[in-house]
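Student: As a plain string of letters, each chain reads:
There are 4 protein chains.
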Amino acid sequence: MKVIRDPIHDYIELDELALSLIDTPLVQRLRRIRQLGFSNLVYPGANHTRFEHSLGVYHLAISLTKQVDEHQQNELQAAALLHDVGHGPFSHATENLIERYTKKGHDEVGGLLKKGAVADVLSEHSLSPSSIAKHIKGETYPGQIINSEIDVDRMDYLVRDAHYTGVAFGLIDHVRLIHELRFNENKLVLGVGGLQAAESLLVSRFLMHPTVYFHHVSRIAESMCTHAAGYMIENEGLKPGLLLRMDDVTFMMELRNSKGFPADIAKRLDERKLFKRALYTGFESFETDILKHRKKIKRVENEIAENAGVEPEYVIVDIPEKPRIIEMKARVMINGKMTPIDKASSLVATLEKAQLDNWRIGVFTPAEYREKVGKAAREFFEVKKDVKQFKLTEI
Amino acid sequence: MKVIRDPIHDYIELDELALSLIDTPLVQRLRRIRQLGFSNLVYPGANHTRFEHSLGVYHLAISLTKQVDEHQQNELQAAALLHDVGHGPFSHATENLIERYTKKGHDEVGGLLKKGAVADVLSEHSLSPSSIAKHIKGETYPGQIINSEIDVDRMDYLVRDAHYTGVAFGLIDHVRLIHELRFNENKLVLGVGGLQAAESLLVSRFLMHPTVYFHHVSRIAESMCTHAAGYMIENEGLKPGLLLRMDDVTFMMELRNSKGFPADIAKRLDERKLFKRALYTGFESFETDILKHRKKIKRVENEIAENAGVEPEYVIVDIPEKPRIIEMKARVMINGKMTPIDKASSLVATLEKAQLDNWRIGVFTPAEYREKVGKAAREFFEVKKDVKQFKLTEI
Amino acid sequence: MKVIRDPIHDYIELDELALSLIDTPLVQRLRRIRQLGFSNLVYPGANHTRFEHSLGVYHLAISLTKQVDEHQQNELQAAALLHDVGHGPFSHATENLIERYTKKGHDEVGGLLKKGAVADVLSEHSLSPSSIAKHIKGETYPGQIINSEIDVDRMDYLVRDAHYTGVAFGLIDHVRLIHELRFNENKLVLGVGGLQAAESLLVSRFLMHPTVYFHHVSRIAESMCTHAAGYMIENEGLKPGLLLRMDDVTFMMELRNSKGFPADIAKRLDERKLFKRALYTGFESFETDILKHRKKIKRVENEIAENAGVEPEYVIVDIPEKPRIIEMKARVMINGKMTPIDKASSLVATLEKAQLDNWRIGVFTPAEYREKVGKAAREFFEVKKDVKQFKLTEI
Amino acid sequence: MKVIRDPIHDYIELDELALSLIDTPLVQRLRRIRQLGFSNLVYPGANHTRFEHSLGVYHLAISLTKQVDEHQQNELQAAALLHDVGHGPFSHATENLIERYTKKGHDEVGGLLKKGAVADVLSEHSLSPSSIAKHIKGETYPGQIINSEIDVDRMDYLVRDAHYTGVAFGLIDHVRLIHELRFNENKLVLGVGGLQAAESLLVSRFLMHPTVYFHHVSRIAESMCTHAAGYMIENEGLKPGLLLRMDDVTFMMELRNSKGFPADIAKRLDERKLFKRALYTGFESFETDILKHRKKIKRVENEIAENAGVEPEYVIVDIPEKPRIIEMKARVMINGKMTPIDKASSLVATLEKAQLDNWRIGVFTPAEYREKVGKAAREFFEVKKDVKQFKLTEI
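Residue numbers (full-length UniProt numbering), protein chains in the order written: chain W, 1 to 395; chain E, 1 to 395; chain Y, 1 to 395; chain G, 1 to 395.
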């Protein structure tokens, strides 16, 4: 048993299984992947890594797994520690590419757990990689602890991200949430005494989105990075699967050592010469259904670039996925009935819709192309005449 | 210039005007009035007073008043310091009575400022008591700093109440709010960069309501106290206006030294033998419009008591005012237009409605009468058959 | 099992024994005794009570008592909850008087535990009042948890006092201290891994002394209060034992309702017309051994008053007890040997001596007598000519 | 004017000069140098960088520079922002090497400021690189703000390092320190009201040393890194001056891409296969003056290695510099006299000596050589027979 110091949870106790898993390259690699990708360009303190986040998730999971038998406890604690090994360099910057080319989300990690040092450790402890992989996807009922609307992943990262960025959201009442979460008929259910704590968690997440997670500067840096990596996959034979072995450092080196577009992007990121917003506005600004363009975004970018007369790589169209309706709704136990949380709370019910307020469509391009790309993008999307660009005053 | 230490704002600088006002009995009395009345029965740390809150509000007001001329600055800073002098003992416990009998809300303090030591200080500084009184009511445009939807009063008390109760809500980004609040066409307007901070403040307030401000235990103690004081006004010649001179201590002594019902209530409060909930449920449980009973609540209590066969004083019906639509909506500046905040934010738009989720109607009575009073109350209000009593699991 | 919210320890679980003890008048009275007496005249936030402090001490004791058997656990937890019931109104303001007239320190509470509701609860749980009283005095070896150089009392109050006053000391690493404290040969011993945490605790306490606990304003208010109460005992037949039943409120009422000197003091405390410093300086300013005057302080006050030509009650001489050498030194386990902490740490070794730097001798009197009383006091004590009065710049 | 968010100081305002300096490669490089080198191997949260620390120092300097004229203000603020540009990769890990080979401490940055983008910015603002370099060394009297016993560097890093490691020391009362620091006769002097705050700062630093800064794990990793770099300088032609252009990433790449010893060290650091402690004990364990070995440490390592029969590179002898007597003592103004702080405070007076308690001499080697290298080292140093190895229990 070893105890380590964590700024969020004070002390985290690690048992032998945890220590063995931590010592594998799969987990050690997370030390070199920043939790928030390029957010440190906006929030200089945001240098924390997926490694410490994973320890935090493990720590929270321990309290919640007391309700299941010992074998499942071990499985779930391993799942907590391993839940992020499917992330590529700069976390979300490479997520889309990995999904596009490997057809696997960052939580589909079964393949990674079945080989190498992690597989050995799991086997020594008679734990099944595929069960753990299912827990990580939230496909089992106790796996909801790790992956559902109110899970230990979220409980950790909201507080942690607030601690390192310094933003004034993200106070979560872990003790009460954990005290009120329990299993009922194979489902994770929240006692009614935890309703306000859950509302607070979901609102924190809601507020973190525009302020941190979708801040335009990190969004621009991320999409520049994504484009550069995509370019290398398409044109320079970079194997998409390799991204899962790289960390932030080796990936940036890869970009720097390449030629042409990716090298230019690397230079721009290093020198903070980021692309700028040629168009940046909300859903309501579009006459048409903007989302239909998501599937053929490359063609859209090319067309706008052509109309504007710039190289196709230097136009980035960013249409974030529409806030999806979460399938695995949290349930609250009210008067003996399991009630979906959005029925139990008008506040939660509104969050999904409210998220649209903060969703922004962006077209990014180097400063010198800003005007002509902006014009071409507005024409292409037939942006409403009278809508001025929404301006987020930065403090 | 003197500087004092405050747990919320670190250091608060006090100039000569502030020091003179603080030294008056009107402000010193606030040292002995707890900010949260009887909440310390639930949250043992909640012993903070209106005095320190007033210093906090003054401190925040200083940053916001830099936009107006010096004379107005002084007026507004005085208003900030004096905004709570109209509170009676245990703050909200006596507020209804003062309003009922003096026809004045706790923010109608003109009368108090026109005499005594405060009047002298104001006159020495050539400040007008009636202007200050108007600022406190939020009736002037710069007074909106002190009394409106997003004001320094709220900015202070949310954080302060969270600090002393220990609840995990109430993180407010003061710096950003103050940075984004400005006057435009004689109205207090929030820059769009402060939208998330404002949403966070309003949600914090929303979450504090059921958790702290309307916790049933403090609500019960408060209404016991209100009833005892009402009894003394009606039957023992207590002058309602006198409440504004009493503090928590002298008021409790008054109760203890009385006879009959008020003395019994004092004993119960001292020994924590509080009334219990005979009925406690949400608006949706009532077939009829429950609010119509608010005006003749005494009659309702009497009838339920009679039906239950208990003394009329020992039935308390608590129908809190319905969350009212706030007239003085905060405005956000979006693309050069002043937009009401509930138009700019779907989250804020929902808060008013969502508050109803947490609103509870209560009938309180001593433990031994609980069953029969509960039955009588349910019959009287024709509570829906199938609604079980909503049970807030306390942690 | 009930759980309550505490700003310092988040949540505190209370078992049936604790709940029963809390419901006794002896413990409830602590709700109305401020932890820091009159410190709220300096730090407006310092309104916290011995009640919440006692809950905090109980909470910390639970972790430490896991090492002893269940019966002792219960005894020690009861001792933790009850350790402060021997305090009179305003804590330290009446402590000297109670000691002088009852010959009992505030931790000699055996008599209080043997009668009334507390005795009943203890008897129901087969717990011995006298054992508990011994634990509270630290006379048993597991009682060192509660009363020794590094105990749960101190671990709680340092953090709590810092939280409510807002001063920037008092960060204590509870987890590590509790992790490293253990029993060895019937002694409480600290593992070497807890040395820095212990140093930090002892330095925090050291820094809190001049800043909070011995701030001259609270010291003046306290000694005014002590003098008024002493006067009532000597001249108006107030029974000293009665102080242990009074709380802050009933005691102040007693003063207010008296006549002559105590009534004047009550008025001065209510209106913040405090005595001022006629002399205020460190030990090094005196040619002679200033401490010899402690035993006949009344005579000293009278002589100074006579020389100055003022009424004897209006001169207060404050010679605080010299920082005593603590008998029950904490021990640290180094290389298998129990080492006194001042041998293990040069920092701790110096603290005792360093405390003298901050020790102040004061002579207090109303503002209008300041000059003549100052002169008389300097003459009486033969204060060195060249020593100017040490001036603490207040921020 | 731009405002950025910082977890320590909330918001930091940056004026045009600061923004221009930040945009230079010299400052941007600090984004990629971790403040605490390899401490994140012990404290997983310690990933913060010299970049954000520099912003924090700049922020604190602004408050303190209000006392000097505008030109000096600009110089000092530039100095604050630039004070750490002389650090090499992993901060202290390469510091010794840079000093040894370039004969320049990390605060001797004059050469760096006289060329390139920084020089251009300074020249545009009519600021002198050499004046700024002197401020950074603390050689001018206003430069004491930046480099002396109580300076803004220390005020920032103590709090920042505590925030990211999570240790419970490092609460600093910035406001009071800044309020009490002023210039008197061309010296930085602290008002007596800041004495406790200064004591607290110096004790925090004292406690951070064994807990964080000299934790054996980071000390081992650092010295491995120093040895590898030294090897490359001696044997592979690495230019020492180049270290000042590298960041953590490029330096690690350099090691990884080398051969032999440095490549092995890189692998060990990446896989956390660190050297272990063959000897680890305090000064008092040595019969002879251990410090005399500092000058010819290479020879000592070789001799121990030879005696133990291992390759010379694989023995690291770590004799940290003896806590030196600080020349530039802080002064406190007491009764109108400037008094050295160690005369004004017995606590401070003891700190220098107390530091020796925590000083550890270490001999580090791979796990498999531990025993034989330990034996050889003990013989070489003639370690007292009866001294068992001091064992820091890790939590």
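The hints are simulated quantities; they were obtained by calculation from the structure and are not laboratory data.
Since the model is a prediction, treat every value here as computed from it, not as a measurement.
Among the clues, some could well be false.
If several chains are the same, the list does not tell them apart, and a pair holds so long as it fits within one copy or across any two.
Claimed, not checked - No more than 30 angstroms apart at the CA atoms, straight line, and that leaves these computed lysine-lysine pairs for DSS-like:
hint: 1; residue 1: K322; residue 2: K343
hint: 2; residue 1: K114; residue 2: K292
hint: 3; residue 1: K267; residue 2: K292
hint: 4; residue 1: K295; residue 2: K329
hint: 5; residue 1: K329; residue 2: K343
hint: 6; residue 1: K273; residue 2: K114
hint: 7; residue 1: K337; residue 2: K372
hint: 8; residue 1: K137; residue 2: K273
hint: 9; residue 1: K343; residue 2: K2
hint: 10; residue 1: K114; residue 2: K384
hint: 11; residue 1: K337; residue 2: K276
Student: All hints are to be evaluated individually against the structure, with a verdict given for each.
Tutor: Now for the hints, and whether the structure bears them out:
1. Taking the closest pair of Cα atoms, K322 and K343 come within 30 angstroms of each other both inside a single copy (22 angstroms) and across two copies (21 angstroms).
2. Taking the shortest Cα distances, K114 and K292 never come within 30 angstroms of each other, neither inside one copy (38 angstroms) nor across copies (55 angstroms).
3. For the homomeric pair K267 and K292, neither the shortest alpha-carbon distance inside one copy (33 angstroms) nor that between copies (48 angstroms) is at most 30 angstroms.
4. Proximity of K295 to K329 under the C-alpha cut-off of 30 angstroms is restricted to the intra-copy arrangement: shortest distance 27 angstroms within a copy versus 42 angstroms between copies.
5. Proximity of K329 and K343 under a CA criterion of 30 angstroms is satisfied in both settings, with 10 angstroms inside one chain copy and 27 angstroms between copies.
6. Taking the closest pair of Cα atoms, K273 and K114 come within 30 angstroms of each other only across two copies (24 angstroms); inside a single copy the shortest separation is 42 angstroms, beyond that limit.
7. Within a single copy, K337 and K372 get their C-alpha atoms only as close as 58 angstroms, which misses the 30 angstroms cut-off; across copies the closest is 27 angstroms, which meets it.
8. When the C-alpha separation of K137 and K273 is checked against a cutoff of 30 angstroms, the pair qualifies neither within a copy, at 38 angstroms, nor between copies, at 32 angstroms.
9. Proximity of K343 and K2 under a CA criterion of 30 angstroms is satisfied inter-copy only: 29 angstroms between copies versus 43 angstroms inside one chain copy.
10. In this homomeric assembly, K114 and K384 never come within 30 angstroms of each other (Cα to Cα): the closest approach is 52 angstroms inside a single copy and 52 angstroms across copies.
11. In the homo-oligomer, the alpha carbons of K337 and K276 lie at most 30 angstroms apart only across protomers (25 angstroms), although the nearest pairing inside one protomer, at 51 angstroms, exceeds that limit.
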